[in-house]
Every structure is written in structure tokens, then in C-alpha cells.
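Given next are the chains, with one letter for each unit.
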Amino acid sequence: MPVNHAQAVLNGERLALTRALTQIENNTAEGLEILEALFPHTGKAHLIGVTGAPGTGKSTLVNQLALAYRQPADGTIPPRVAIVAVDPTSPFTGGAILGDRVRMQDLAGDPGIFIRSMASRGSLGGLAAATAGLVQVFDAAGFEIIIIETVGAGQAEVDIARLAHSTIVIEAPGLGDEIQTIKAGILEIADILVVNKSDKPGAENTLRALRNMLSMAHPEGKHINHHGQLMEIDSETDQTENGWIPAVLPTVATSGEGIPDLVSSLDAHIDFLKSSDLWQLREEKRLKNQLETLLGTALRSRWEKSISPDIYQAALAKVIKRELSPWRAVEELIQGAGL
Amino acid sequence: MGNSQNKIRVLIAKAGLDGHDRGAKVVARALRDAGMEVIYTGLRQTPEMITEAALQEDVHVVGLSILSGAHMTLVPKILKLLKEQGLDDTRLFLGGIIPDQDKPELIKLGVNGIYGPGTSTQTIIEDIQKACQ
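Protein sequence lines, in the order shown, are assigned to chains A and B. 102 is the number that my numbering gives to position 60 of the first sequence; each next residue is one higher, with no gaps. 120 is the number that my numbering gives to position 100 of the second sequence; each next residue is one higher, with no gaps.
Keep in mind the hints are simulated off the structure, nothing from the lab. Values in this document were obtained by computation on a predicted structure and should not be read as measured data. Hints are supplied without guarantee of correctness; some may be wrong.
What the hints assert, rightly or not - Chain A stretches covered by chain B per the calculated footprint, using a threshold of three residues with CB under 8 Å from any CB of chain B:
no., segment
1, 59-69
2, 135-144
3, 312-325
As the list claims (entries may be wrong) - Restraint ranges, calculated between C-beta atoms of paired labels, are given here:
no., chain 1, residue 1, chain 2, residue 2, range
4, B, N26, A, V45, 21 to 29 Å
5, A, T135, B, M92, 31 to 39 Å
6, A, M258, B, K45, 38 to 46 Å
7, A, H83, B, G138, 28 to 36 Å
Ideal Cβ placement from N, Cα and C applies to all residues, glycine included.
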């Protein structure tokens, strides 16, 4: 049954696709078998991550990006585009409002586009635990471009960089001074930096602050002066892992201004990854990360099954009374579980 | 925590030419607080857009808000499109201004529940939970 289901997904049946996504999101046994059957067919799509603070225009930008991919200027056959949009789950009720589709109305009616909203369901890194699985289903189903929109991210939600080939970090004018740009975290994961709402006052300052930040990370003469233009880099003094220097692009997502430059920059990034073995390296890193995450979850759930709740409660009570330190308790609980 | 979890997924849509979405937002918020995952689509949705979103999001329930009086046109069309997509098991709930004389016909067509102004959100939550058991 799951094998037939996987075959239907490969055949492009949309009902089978959407039901498979649900099984995987709910982490059911059938979902796992479908993923198992689809896994050999994955690894072809260009995964584009879009992240940034709430209200910077992520959904609107994704809408424009998908439109641009679906209407290539040169008249070539457009790629099929899947969008996975993650919004936060309430830590109190477990409920969620998934509102990213509101900004993606222009995409309705195009059979080459599939939008799926996900709730984060307790994950803290900006994605949901099942996001990687959903992306693999879309990949196997033949979507060439997969855009992953994170929850509104602050400074440290950087999981997207481990999942996507190309990560776009969106900033908007007026969100802080230059100190913000030299902090560690989200700006470091950007392959492309976008200053959206660049028609608003202060956009020039934000653009300049980001460019200054980049010139500090990549000293003198290492700038990309034209979007998407790769420059030669002296590998000995190169401070980046890979020699790619992020472009800083202004956009106005509501009108589509700057989107063609963004698409060329994404194309340039993919060419760069593929011409330098980095594509393969990122694939390996991504699968390693997925393996480690799954291993962690599996070990934990095996531990949960093997330890009696009484022992756990007893240990917790001792910790609360400060008779046992949390560190020692962990040791004892792991030993008690016989792992 | 990696365990399988089945959340009730609801699509809240405003159909047709009707810009009043306060009621839809109140219901969306109440369902969220009841632990459901609510996909909000925004204003002026055609039956085709609503059905497409219901398919892509694989929702258990479509909650439709109509205050324009066009329900006798929109609802049959949406029900027909849902069936065509193979979404026979998707439940349809209706809110807004629906005259009493239209209700029996709508229920016969397959609408699961109809709620006018003043309905307690608790009633809607319970009806949806019952329909999704």
C-alpha cells in the first residue's frame, strides 16, 4: 500500500502527494514507508531557503520569486515550484495560524505550483521536525525548485542553512543599527542578503550597513560589484568556507522590483555550487544532519520506552528537592534505561 | 517529540466579493486556541482557489465565511469541486449571514454546520471536533 502510494506520488498525482505530506508530517508508520520508497528519487531539486524577521516580507517575496520562476523571461519551459511555508505553533495550546498563503494569492490556479503550510509543532530552529521530509517528497515528485519559508526568525534560527542549498536572509529598513549586522547568527548563514521594502526611508542605510559588514568579513577587493557576478578569490586568505560572497540586493516584494536580480543571483549561486563541488558537499552535510537528527529522536524515543515512568518521576522529585543534581540524574536515568 | 501527532487542520476562507473578515478571523483565532492548525487564505477567494488550497493543505475541514448572499451559488460549486478533486471526506462548515429558509437545502447538499452571528465559538469548536473523530 505505501509502495503504491509512493508510486502515485512519483506519477504526479496531487491527491496522493498531499496525503503523503500529511502522513509524513504526522510521523506515521505509513509516512516513513513512503519516504523510504521515495528516498532514491530525491537529490535533484534546488532547495531555496527564505528567512528573516517577522513582517520583513518573506511570504510576499516567495510569491514573487515563484512567479518569476514560472514565467521565465527567455521563454524556456518553467520549472515546477513547491513552497513549504512554516509558521509557529502556540507553545500553550498546540494550535497555529498558518497565514503565509494570504500573500501568495497570485500563485492560485497554476498547476505547476504546490504550496503547503506547516506548523512548527514545537521545533525551535525556524523549521518543523518534518520539514526535511516534506521537502524530500516534493523533490521526488519532480518539483525542480523548492522554496522553504521559515517562521519569522530572530537571531539564532539557523536550521534552514543546513537544509537549503541557497539561503536568502531578508532584512527590512529600520530594524537596528550597524551593531546588529556584526552579530553572529542569522546574517552569517546568508548566501544572498535581501533588503526588502527598499522604497522605504532608511533602506540606503540598511544596504550600506550590510555591505560594510560583508567588507569586514571579506577584506578589500573581494566584493561582488555586480549581482551574480563571481569574482576571483585568493583561496589562502579567503575567510569564507567556500569563496562565495553574498550579494546584497534591494527589493520591493509588493511590486516585484528587484526580483529578476534575485533570480539571477540564485542561478549564479547554484552554478557556483555545482562548479565547485560544493553542491555535493552541501548534500552530504544535509544528509548527515538529517541522519543525526533522526538518530537523536530515535534514541530518545527508545529511551522513553525503556525507562519506567516511576523511576523518572522519582529522579525528578529528587532533583526538585535538590537531593540530586540534574547532571547526576541524567547519568542514572540513562544507566537505568539500560542504553 | 517525534511521536505521531494528528492535528485537526482547518482552512478558513472568505468566498466571493465580500471584504468583511472580522468574523472569519475571530473563528480562526478560537480554533487556534482549541489546538487546531488553521490555514487562513485571505479575502475574495473563488471556489477554485478554495478547493485548490484545501487539496494542497490536506485539511479535514473547510470553514467558509459568506456575508454577501451568494451562498446558494458558491456552496454547491465548492462541494462539487471538492468531490471532483477526490476530497469527498472534507467537511464543510459555513458561517456568516445565511437566511433560515436556505439552511435545509445547504445541509442536504452536504454542509456539516451553519453558524450565524452570535454563535459561541465553543459550539463551533465542539462541532468540528465531533465531525473529525
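Going through the hints against the structure:
| no. | hint | in the structure |
| --- | --- | --- |
| 1 | 59-69 | holds (count 6) |
| 2 | 135-144 | holds (count 9) |
| 3 | 312-325 | violated (count 0) |
| 4 | B:N26 / A:V45: 21 to 29 Å | holds (23 Å) |
| 5 | A:T135 / B:M92: 31 to 39 Å | holds (36 Å) |
| 6 | A:M258 / B:K45: 38 to 46 Å | holds (45 Å) |
| 7 | A:H83 / B:G138: 28 to 36 Å | violated (53 Å) |
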